[in-house]
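A.B. asks: Here is how the chains run, residue by residue.
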Amino acid sequence: SQELEQSPQSLIVQEGKNLTINCTSSKTLYGLYWYKQKYGEGLIFLMMLQKGGEEKSHEKITAKLDEKKQQSSLHITASQPSHAGIYLCGADRPSGSRLTFGEGTQLTVNP
Amino acid sequence: SAVISQKPSRDICQRGTSLTIQCQVDSQVTMMFWYRQQPGQSLTLIATANQGSEATYESGFVIDKFPISRPNLTFSTLTVSNMSPEDSSIYLCSVERLAGDSTDTQYFGPGTRLTVL
Chain A
3 SQELEQSPQS
13 LIVQEGKNLT
23 INCTSSKTLY
33 GLYWYKQKYG
43 EGLIFLMMLQ
53 KGGEEKSHEK
63 ITAKLDEKKQ
73 QSSLHITASQ
83 PSHAGIYLCG
93 ADRPSGSRLT
103 FGEGTQLTVN
113 P
Chain B
23 SAVISQKPSR
33 DICQRGTSLT
43 IQCQVDSQVT
53 MMFWYRQQPG
63 QSLTLIATAN
73 QGSEATYESG
83 FVIDKFPISR
93 PNLTFSTLTV
103 SNMSPEDSSI
113 YLCSVERLAG
123 DSTDTQYFGP
133 GTRLTVL
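These protein sequence lines map, in sequence, to chains A and B. Per the working numbering: the first sequence ends with 113, consecutive numbering throughout. Per the working numbering: the second sequence ends with 139, consecutive numbering throughout.
You may find that some hints are simply not true.
[To be verified] Derived contacts from chain A toward chain B, CB cut-off under 7 Å, selection only:
#, residue
1, 42
2, 43
3, 44
4, 45
5, 50
6, 54
7, 101
8, 103
9, 105
[What the hints assert, rightly or not] Simulated crosslink set (DSSO-like; lysine-lysine; CA at most 27 Å straight-line):
#, chain 1, residue 1, chain 2, residue 2
10, A, 62, B, 87
11, A, 66, A, 40
12, A, 58, A, 70
13, A, 19, A, 29
14, A, 38, A, 66
15, B, 29, A, 40
None of these hints come from the bench; they were simulated from the model. We treat Cβ as the ideally placed atom computed from N, Cα and C, and that holds for glycine.
The following block holds chain A by itself, in its conformation from the complex (with noise of 0.2 Å):
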């Protein structure tokens, strides 16, 4: 079965600095997805990838699929305390359109 890792599992960042955080596919990617729960509530739909090598980007968070496909990582820029929460990745299984998930990175912004 599909298993994505992710890593860290946890981060705690100053507001104002960069951090990344990578998803890790033992096999090929057909979809990866990007969410970000708050504490206790539901996910927040962040962005999709598919195509090897693709970069999508929304304000300060820009996610990146690599060439091979088992790989990708999301890339916050000067971090602020709204982007405190759990990133999750979420991959298309190949049999179908449901999602398996990473464990999560939760990800602290001290002001």
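With the hints as your guide, set chain B onto chain A.
C.D. replies: Relative to the frame of chain A, chain B by itself:
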């Protein structure tokens, strides 16, 4: 994207009772899913809610414990039956393939936080 609501947003229940969670979408969607997120863990897919037919359950989840209904393209319910403290989780519905959406992006509801005493 779609506006997805869930009711209740949270509940505290007694062991042995059942709780039905509702998921309502503001537009027709092809696919609806139910996930569980146990404390401190990531999401696990429970089942795919199929409109007009029985839900498709993932390994480890059964219909007797988690009966699901999907009477139309905008609404689904998940029941957590005969609850035990191990069922304490956040339950999330998600949708995919909104009308006019050519992507396979899944959008999630706000979740229902369930605590079983």
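A.B. asks: Which numbered hints turn out to be false for this structure?
C.D. replies: 6, 10 and 13
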